[in-house]
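Number of protein chains: 2
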Amino acid sequence: MGKAVPLVEVWRGALLESAHSGHAVICDAKGQIVASWGDPQAVIYPRSSCKMIQALPLLTSGAADRYGLTTEQLALACASHNGAAIHTTRVTKWLDQLGLTEADLRCGPQDPADTEAHEGLILAHEKPCQIHNNCSGKHSGFLTLNQYMGGDPEYTEVDHPVQQAALAAFEEVTGEDSPGYGIDGCSAPNFATTLLGLGRAMAWFATAGQRSDQGSAAGARLVQAMMKHPELVAGEGRACTALMRAMPGRAAVKTGAEGVFTGILPELGLGVALKITDGTTRASECTMTALLIMLGLIEAENPVARSYCNVPIRSRRGLDAGVIRPVADFIRPL
Amino acid sequence: MGKAVPLVEVWRGALLESAHSGHAVICDAKGQIVASWGDPQAVIYPRSSCKMIQALPLLTSGAADRYGLTTEQLALACASHNGAAIHTTRVTKWLDQLGLTEADLRCGPQDPADTEAHEGLILAHEKPCQIHNNCSGKHSGFLTLNQYMGGDPEYTEVDHPVQQAALAAFEEVTGEDSPGYGIDGCSAPNFATTLLGLGRAMAWFATAGQRSDQGSAAGARLVQAMMKHPELVAGEGRACTALMRAMPGRAAVKTGAEGVFTGILPELGLGVALKITDGTTRASECTMTALLIMLGLIEAENPVARSYCNVPIRSRRGLDAGVIRPVADFIRPL
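Chains C and R, in that order, are what the protein sequence lines are. Taking my numbering, I'd label the letters of the first sequence as residues 1 to 334. Taking my numbering, I'd label the letters of the second sequence as residues 1 to 334.
Worth flagging that the hints you see were computed from the coordinates, not collected in a lab. Since we're looking at a predicted model, the values are computed, not measured. Glycine is no exception: its CB is placed at the ideal position from the N, C-alpha and C atoms. Do not rely on the hints blindly, as some may be mistaken.
[What the hints assert, rightly or not] Examples of chain C residues toward chain R, derived with CB under 8 Å:
| hint | residue |
| --- | --- |
| 1 | Cys129 |
| 2 | Tyr181 |
| 3 | Gly279 |
For reference, chain C alone in the conformation it holds in the complex (with noise of 0.2 Å):
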């Protein structure tokens, strides 16, 4: 792999308190490079900000359309949700649809990110369930799709027919054979791909409106989906709904775990695709803001570019105490 990129500076006072490298790229369908930070070369887990490529074959399998899945339920499937109760009154509704229970699931329970939804847990002596973890839209994904194929209830397995749908998408959009996967925090398969193979899938979803075949046909409702209802993708106070609902139409992103972050850009034709060495949320956030201010998507000085680019640091009393920024060199015109 080659060398990442200084990408973000954590400033406290006059000292740099902390760094961030990593690697980032913005691509066309073809998989040309349009601009690449550090190495396009380098291979990843892209974890979460790839369930939108997890979800294509829902659609190509026509297992969707049989279950009349509505826009909030695709955009759900792409999702890393906070498991506030906009997301789990849906999941539970989808689950009751398809005759399946909690139980059905295989992703793991999680507290839910959403305040309100994890203080009414402890109010009510209760304990958080799977549906309360932010992949329970995929998950209902993966289960409807198993369904409507008649597969065994594994369905997280490698080798379940639905997970060998999943592949067959991910190294269709990727344009590479994964080189293998890892297990993903909800138990289903994740698999590996160059960045720029990830960069290249996401142009491939910024330019699906523009072609007529069935799959891109697919990609194109799921994309339209996260860009209708950012707030089902992630939720309150969460990158990914702001982002989304500050470019209304103009973009859909998704954050995955340990500093992976993807774009898609259907007003350019471009994917960007990025990840920070060492894994962390503050510094994807940033580089993601950061390449969207460089694209001419949302201005600098949006409140919500503030909140994630150029962030303040306070102290819990309130003082200013420093910034989290992008490295200077890594800003250029595109």
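Chain C is fixed; fit chain R onto it per the hints.
Then chain R, alone, in the frame of chain C:
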């Protein structure tokens, strides 16, 4: 600043998913380097890893004895605690003893990391207060010194006598003039030093019991208090507490924000200081534990060591997904 070196790797399946670099030094009280990784001259903020230095004037001034502070209070003065009942009841009593209240603190409110305390506040429909702040013990120490000195209430201002006393102690034990300060999360100034300076300070504490001057006597009392009350220095489930319990009387260790960790090793007469460049706690905990293993203070197979070094990564359903481990080149005989 010299180049940081790879210290910690995060593996998922057969792929290196993320990596952390940094600087580390082991030295004696004269600042003679026993071993180092990266650049011992790197200038850093010690953050909470230097609380035992900030507590020195509380003892050397005579304030601690005038107020009859217990070893529990001295441990709390050096703590980044979880805001559990064992911490907050003692801080509340300490403020009472001074005739002060929560409103006299200047650390700001913080939600307690301790699960029972966090859930207790929600169940009682209460908000966290300044006593829950992980630094409330340090600030109670500042308030004690301030009352003894008769200073004004704004004891976190950098030119306040309490902070100037902390600076004088800091420069004495690091053996360096501090090049500046930043505002810490608790609004107190945090003075910068080289990593070597911080390591030298820790070695000064480690050898304090061998010297007879007043400052060293104060340092030795603080180290003894930390080692006697590991549960007060951090709390259940925290690295500092678990590691000190696993090496009873042999080491005092202290974490700091943004990937700093310090170690006081009286048995060896050595000090340890390390900084992870990206500021990540999983990496500072892994690196410190690896150093303690290399120094023969804890066995690699000790369950506590395994909680922070060679840590299994599991999915939310408990599947084995990977490992957080020290870089092979970093490990060497000392």
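Hint-by-hint comparison with the structure:
1. Cys129: Check failed: Cβ of C:Cys129 comes no nearer than 11 Å to chain R, outside 8 Å.
2. Tyr181: 6 Å, holds
3. Gly279: With Cβ-Cβ at 4 Å, under 8 Å, it holds.
The structure fails to meet hint 1 from the earlier list, while all remaining hints are met.
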